[in-house]
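Enquirer: Chains as they are written, first to last, in the working numbering: chain A, 26 to 433; chain B, 26 to 433.
These are computed hints drawn from the structure, not numbers from a lab.
Where hints are given, some of them may not hold.
Any copy, or any two copies together, can satisfy a pair, since identical chains are not distinguished.
Derived pair list, reagent style DSSO-like, types lysine-lysine, alpha-carbon separation capped at 30 Å [to be verified]: (1) LYS109 <-> LYS313; (2) LYS424 <-> LYS313; (3) LYS310 <-> LYS34; (4) LYS424 <-> LYS354; (5) LYS252 <-> LYS34; (6) LYS354 <-> LYS341.
Number of protein chains: 2
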Amino acid sequence: MFFQTKSLKEAIAIAREHIRPLEEADVVPTAEARGRVLATAVHSPIDLPGFSRATMDGYAVRAQDTFGASEGAPRKLRMAGEVKIGQPPDLYPPLAPGEAMAIPTGGALPPGADAVVMVEDTERSGPEEVLVFSPVAPGTNVMAPDEDLRAGQEIFEKGHRLRPQDIGALLGVGITEVQAVRRVRVGIISTGEELVPPEEEPRPGQIRDINSYTIRAQLEEAGAVPKLYGIIPDDEETLLERSRVALAENDLVLLSGGSSVGTRDLTLTVLSELGEVLVHGLQIKPGKPTILGISEGKPIVGLPGNPVSAMVVCDKLVIPILQRLQGEKERPRRPIALAEMARHVPSAKGRLDFVRVRLIRRDGRLLAEPILAQSGAISSLAEADGLVTIPAESEGLEKGKQVAVEIW
Amino acid sequence: MFFQTKSLKEAIAIAREHIRPLEEADVVPTAEARGRVLATAVHSPIDLPGFSRATMDGYAVRAQDTFGASEGAPRKLRMAGEVKIGQPPDLYPPLAPGEAMAIPTGGALPPGADAVVMVEDTERSGPEEVLVFSPVAPGTNVMAPDEDLRAGQEIFEKGHRLRPQDIGALLGVGITEVQAVRRVRVGIISTGEELVPPEEEPRPGQIRDINSYTIRAQLEEAGAVPKLYGIIPDDEETLLERSRVALAENDLVLLSGGSSVGTRDLTLTVLSELGEVLVHGLQIKPGKPTILGISEGKPIVGLPGNPVSAMVVCDKLVIPILQRLQGEKERPRRPIALAEMARHVPSAKGRLDFVRVRLIRRDGRLLAEPILAQSGAISSLAEADGLVTIPAESEGLEKGKQVAVEIW
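So here's chain A without its partners, still in its complex pose (with noise of 0.2 Å):
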């Protein structure tokens, strides 16, 4: 068996052209969708707002009224009442020539008005009349019937990820419930003989599972619903059986590797017998022992044992198999802060690297401080305020070099 190392690229790419979106959706009140994909493009039911809205506090008038309006020959207008915001328009009897009425933002327009004098350009002359100091055309300061949206108008399109507004505006169009695709499923099963539960205490030799808990608490925030399947001794026989029946119960599988050779080499052996190797090694640092599989249509990922780099393997490459599985667009996930390189840090050509740093403010300056630690240590995990990138073509970040870290 002989595998070419893909980079992250070429992985992504694999998986995704290996796997279907899920087709099943829920029913999901909108109030409570957030963070939800659409399963449907969603469409107004109604024009909003549904009547001429005034957009300025004024005065409701008919536009050719106003015309010719000006600071030192005012249009006076005759005062016909006041609209109440909530009130409907037909409460009013319909604007004659000559006539305005006082508008809050907001109100509906009375019959016969076609526009809002804001109130900074009137003056009230008296209690029965307004002085307009500056013409409007048909339509100033008002929202028209479907200006904001047309009945049947595309809102969202199939795979949108539903963020705060998208509640707001669906449920202000009267949107209370929308189809969402099934939150994915993931499995996770943790190998290696040298693992033992956190709340264990560990025999000198041994440590606790780290892997398994920050991959499942990556997952809760990108979505999806993760199962832990337990620590598994590394015997090819109850991994086979743990991992079938992770795979009949979820859309995706992650074997959580212990950092031993024998544990990476099992963990082959088991994806090659599960279905097909597609990709056996990635050009990234850390994260180079990822092996990818595919199982009648549903992905496996062995990840690698070391904390940083199971961490960093599910991001950059478990998350948007997540994404194709949810249907849902690419998009930026990670806030940025442009820092500086507070030094040098090497790197290979051909090999993707994502280094830990810690942001440091020095003299006005946002410093990127690589952590040099061993990227099995737990404790730089804690450290990092985020990741820097150096492409592939690179062979390093000189030291000053303005850089985009992502936020961790």
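Given the coordinates of chain A, assemble chain B onto it according to the supplied hints.
Expert: Below, chain B without anything else, positioned relative to chain A:
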């Protein structure tokens, strides 16, 4: 009553000065503490890894036995067995001079060994012997027992917000519970005679409440516990009474206003009645008609009525207030995309402008196209991919200018 409008920065500083962080903490299982803010610093209870751990696959050796080794003159060592991953080091007899043991990454060094030679620098010359082609110093390819973390070492400071990797790190040292700052309770009161709940059919002149739901989702995303108090008619007594209930039950109260001048005036009256008005008007666009007050140490914010303004003010002012209440450090919260302005946008000096933009990829360039719809239009909320900030000292953004788009 005369109030000067404030810059956003001034308003945040004034808010921070008047607000004390919450002092109550919850005991939270670490596995469920993602996004929570630590109420205390956290220290490692143990040395990590707790034993001398191989960081490479290879051979555990006494470093001095390898001194002088080279390709031409390898050192020959006797095989004393194989370290199994997860096994305690005292399982093996101490390594005698001239001996080596095979060891996997993550394995515990046997007593007597003080370094690991990478497998790439060795050759098995027989079942009982291994050739070492390269010398190692003591400690090479070994993580010392307290190299990752020392018992008592601070892992996180008070006020740190737990990220996925932090969950892993804490569980990795056996910390299965943390003290987290109690989540901030936020009461949201809708005002405005024109508003109806989303499930109701508005009459002409009415519109559905959008802002309460957008804001609620924004607050949930930021880790708060928002509660809606319904839509209150524009009536001083009712609004005062409901605000008092909300203040008693929450740490922060938002009046999500209608857009009419009447509602704005009412909000100001009620805030003055309930406590002290600290800021009346922000030098930002959209978002100017914002009011910040304080009542017995609890902040109250009167939000502008139009949906875009309400959302911007929630993100730029309310979330920083929330973070202050949580005792959280400032941190970048949103992804950034670098783009080129697709057209000129003018701006008034002395005012911070937030421009909604759509991101468009054209000829390999990422363009930020300003959305010119009225800030009352909810369609523009749905369409915008992000915001571009025009600083107060600027008079606008030229077409072609490189800008950082905050992704929304």
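Enquirer: Please go over all the hints and tell whether each is borne out by the structure.
Expert: Structure-based check of each hint:
In this assembly of identical chains, LYS109 and LYS313 lie within 30 Å of each other by CA distance solely across copies; the values are 23 Å between and 67 Å within a copy. Taking CA atoms no more than 30 Å apart as the test, LYS424 paired with LYS313 passes inside one copy only; the shortest distance there is 26 Å, against 43 Å between copies. In this homomeric assembly, LYS310 and LYS34 come within 30 Å of each other (Cα to Cα) only inside a single copy, at 14 Å, whereas the closest approach across copies is 40 Å. Taking the shortest Cα distances, LYS424 and LYS354 sit within 30 Å of each other only across copies (28 Å), while inside one copy they are farther apart (36 Å).
In the homo-oligomer, the alpha carbons of LYS252 and LYS34 lie at most 30 Å apart inside one protomer (27 Å), although the nearest pairing across protomers, at 44 Å, exceeds that limit. Taking identical chains as interchangeable, the C-alpha atoms of LYS354 and LYS341 lie at most 30 Å apart whether they share a chain (15 Å) or sit on different chains (27 Å).
The structure agrees with every numbered hint stated previously.
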